[in-house]
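Student: Each chain, letter by letter, is given below.
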Amino acid sequence: MTQALSIQNITAHYGTTKVLENLSLEVGEGELVSLLGASGCGKTTTLRLVAGFLEPTSGKIELGGKDLTRLPAHQRNIGLVFQNYALFPHLSVTDNVGFGLKQRGVTGPAKTKRVNAMLERVGLAPFGDRLPGALSGGQKQRVALARALVIEPPLLMFDEPLSNLDAKLRVDMRVEIRQLQRANGTTSVYVTHDQEEAFSISDRVAIMHAGRIMQLDMPETLYQRPANAFVARFVGFENLIPMMVVARDGDGVTAEAAGGVRLTLSQDQFGAIPDAFTLACRADGLAVTTGADGIPATLGLRTYLGRAYQYQCDTPAGHLTANGPLTRPLEIGAAARLVPVPEQCTILAPEAVA
Amino acid sequence: MKRFAGWTLSTPATLLVLVFLILPVLATIVTTFATTAGPFAPYLSFFGSGFRRTVLWRTIQISLATTAISVVIGFLTAYVVSRSPGWLKSILIIAAVFPLLTGVVVRSFAWLIILGKNGILNSALLSTGLINEPLSMLYTQGAVITAMVYLFVPLMVLTLVGVLEAIPDDLLQASASLGAKPTATFMQVILPLAVPGLIVGAVLVFTGSFTAYATPQLLGGEAQMVMGTLMYQQAMVTFDWVSASTIAAIMVVITIAIVLLMTRVARRLNPMAV
Amino acid sequence: MTRNIHPVLIALTVLVFIFLVGPLIIVLGAALSDTSYLTFPPQGLSLRWFGNIFEIEAFRRTIVTSLEIAFLSTGIALLVGVPAAYALNRYRIQLPGWLSTLFILPVLVPELVLGFSLLKNVATQFHAPIFISLVLGHSLLVLPYVVRVISASLAAFDFSIEEAAISLGSPRLKTFFTILLPNVRSGVIAAFILAFITSINDVSISIFLTGPGISTLPIQILAHMEQFFDPTVASVSVLLMGLTVAVMAAVERTLGLTFFAK
Chain A
1 MTQALSIQNI
11 TAHYGTTKVL
21 ENLSLEVGEG
31 ELVSLLGASG
41 CGKTTTLRLV
51 AGFLEPTSGK
61 IELGGKDLTR
71 LPAHQRNIGL
81 VFQNYALFPH
91 LSVTDNVGFG
101 LKQRGVTGPA
111 KTKRVNAMLE
121 RVGLAPFGDR
131 LPGALSGGQK
141 QRVALARALV
151 IEPPLLMFDE
161 PLSNLDAKLR
171 VDMRVEIRQL
181 QRANGTTSVY
191 VTHDQEEAFS
201 ISDRVAIMHA
211 GRIMQLDMPE
221 TLYQRPANAF
231 VARFVGFENL
241 IPMMVVARDG
251 DGVTAEAAGG
261 VRLTLSQDQF
271 GAIPDAFTLA
281 CRADGLAVTT
291 GADGIPATLG
301 LRTYLGRAYQ
311 YQCDTPAGHL
321 TANGPLTRPL
331 EIGAAARLVP
341 VPEQCTILAP
351 EAVA
Chain B
1001 MKRFAGWTLS
1011 TPATLLVLVF
1021 LILPVLATIV
1031 TTFATTAGPF
1041 APYLSFFGSG
1051 FRRTVLWRTI
1061 QISLATTAIS
1071 VVIGFLTAYV
1081 VSRSPGWLKS
1091 ILIIAAVFPL
1101 LTGVVVRSFA
1111 WLIILGKNGI
1121 LNSALLSTGL
1131 INEPLSMLYT
1141 QGAVITAMVY
1151 LFVPLMVLTL
1161 VGVLEAIPDD
1171 LLQASASLGA
1181 KPTATFMQVI
1191 LPLAVPGLIV
1201 GAVLVFTGSF
1211 TAYATPQLLG
1221 GEAQMVMGTL
1231 MYQQAMVTFD
1241 WVSASTIAAI
1251 MVVITIAIVL
1261 LMTRVARRLN
1271 PMAV
Chain C
2001 MTRNIHPVLI
2011 ALTVLVFIFL
2021 VGPLIIVLGA
2031 ALSDTSYLTF
2041 PPQGLSLRWF
2051 GNIFEIEAFR
2061 RTIVTSLEIA
2071 FLSTGIALLV
2081 GVPAAYALNR
2091 YRIQLPGWLS
2101 TLFILPVLVP
2111 ELVLGFSLLK
2121 NVATQFHAPI
2131 FISLVLGHSL
2141 LVLPYVVRVI
2151 SASLAAFDFS
2161 IEEAAISLGS
2171 PRLKTFFTIL
2181 LPNVRSGVIA
2191 AFILAFITSI
2201 NDVSISIFLT
2211 GPGISTLPIQ
2221 ILAHMEQFFD
2231 PTVASVSVLL
2241 MGLTVAVMAA
2251 VERTLGLTFF
2261 AK
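Protein chains in written order, with the working numbering: chain A, 1 to 354; chain B, 1001 to 1274; chain C, 2001 to 2262.
Next comes chain A alone, as it looks inside the complex (with noise of 0.2 Å):
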């Protein structure tokens, strides 16, 4: 029986230093939802302090409703699965996978059943005598994943379990983590700082910085309508042009930014804009062109990234960074004009400028 985690203005120090500052988080039933940021941000922080390895400063942790925060990790019945797989290398696979059963009472051909259909549904029935040190990575992580959903806990929690995998086993592994949760419905956190990772397979993301959630949405939605300026950085809008709005002429917005430059923008194609915002562009989102229209700039160094060239581009508001098609390959000091496309930009409010 799968249940809801409910996480409630936690706040939790490592010694003196604090790590997680007023920290909430709601995990519907049955949900994924992945903690994504770079090492340090507090995401696996945050797991430990749901499995009950940390205690916190303050708040309050719940799972289906009852209250976990003081009760020791042993009674806890979460699923873990770790980073580098915390596999008992004096145990067999078996005995590896059957240990959360035995913990609990569970023994002889009940046992026995559950931990080979589990070892089946892994595909490592073969393996149930070996030790974990002759097994590859990719293998090990099955038993870990197996050894963890045997139990058959309310909440399953990964922290990190590919990052020790090669390329194309994460990417394999992953489907197979994403298909096993949605098999069994279970409640899962997900902790990673793979970008393509956390959006490949979750339900929901929530992106961490220094101890805080910075924006917690679908992945659709973090990838176009990035709330703020880390989250927009993050996911790949690499130029910020903070403007002012000067004129508004019904759908159309002037606006200009640094230096004195100047862009028309139609809320119709760009969205509702407020008198301050800052333009968020991908460099797909700034088209080099050699209209009359854009944004005035002088050429820097060209990179080939086999689908377009990329151009560092000085400008009156600043460097920015633009794409230009294959068929018109510029060079370096030459004078172009950059264009905002819309599908590849999103507006900010200012506020959220961190």
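In short, the hints are calculated from the structure, not lab data.
Below are the EDC-like pairs computed for lysine to aspartate or glutamate, each with C-alpha atoms no more than 20 Å apart in a straight line:
no., chain 1, residue 1, chain 2, residue 2
1, B, 1181, A, 55
2, B, 1117, C, 2226
3, A, 66, A, 29
4, A, 113, A, 95
5, A, 60, A, 21
6, A, 113, A, 129
7, A, 111, A, 152
8, B, 1181, A, 152
9, A, 60, A, 26
10, A, 60, A, 29
11, A, 18, A, 55
12, B, 1117, C, 2230
13, A, 168, A, 196
14, C, 2174, C, 2162
15, B, 1181, A, 95
Guided by the hints, dock chains B and C onto chain A, whose structure is given.
Tutor: Using the frame of chain A, we list chains B and C on its own:
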């Protein structure tokens, strides 16, 4: 020169060990097989002598007792030390290392003061009225074992702290997350993984006890003769160098046999291949 | 929270540490006693038994001898042990596996056997001077510590630093002294200290190799104890303990004491 650099650099040390350790010890052992009375005569006379058999048996008993006690005390202490907060752990390790660095004479001598007829233990027992006359505690097997345990516990503690810290934290976390209470984690995860290191430590203590001299000499004297003190007596008092060589040979054989056997067992039991 | 330990275990540990440290404090106390017999707690406090050490010619002589032997044997062990440790690490592929076992052999062979064998087959047979035999015996005794500690230091050493220096024109031998040694400095210091203390405190090898005229401090203490069971023995012990404290302070300054938990 580069191809043989390794050899050139290690030759002086190799020569030192070869000429002044291996050869002399081999020579000692060989002389026991080359006596005028026949190749195995010294051994037959050793094992034929009731007194010498008693000495050997006593040495084994003392060594086993010392090992057992040191292992238990050492392991429990190491467990607590390894789980102590950083600042306390440093202090405890210093406290464990300090006795190790003071010599065997100092550490054995301390027990003479404690266990003597006028010693602290007797004074304490007399003053609390538990006994009426001072107990004669020196020159007993108990005294020797106590002093030997005192000698070896620091070694066990330090060895086992290393062994326990080699167990990755995430294993203990995994165990807890799967529902194992702290005692269950200890019995099912920590203890099995510590066994190889425990064996190595036990071997060190056993062979050290078996070949000890100063401690049994001070606390056991002639009443509690062991292989070490017997060997000294044969060599430097009775000047029976064949007998002393025989004891030496027995010591070497037992020591090396146990070390080899236990190293093999420990390696086979060690799943972490540390 | 992760460090919950049963109070019984904690109590046991406290007892164990009292057990470990107590006897040494008792020796210290006995050394300060103003009585002519050994007693604890001390009755009256006096330093006269410390002074007495230096009045006894045998102690003066053996302190010097022990120091000389310790310096010489440690020096020899370093001289042959450092290159050997270097070879074991750098040229691992060239050398057979049993070679490292060879250098820790002195730990496997009982000290008594080593001492006796040296007496019988070196000192007596070749009429080697006792002092030389003692130095050789002690060198062998401490060699394993040197090799093991230096090896551990080198295992953490990035040999590509050496190659970089050589590629920049520094000759091999010079590189050894200017690049390698400074980087394993802490290992050398630790090895020196461990070896030195081991030599000073040794009984089982020295017991066979001492005689009239030449004796080491621990042996002299044992001899003194047979005749005079007075606080001088305690004060000499305190002297040795003081040496240990000085040494541990030196280690703490260069390495940090958790080094010993390895």
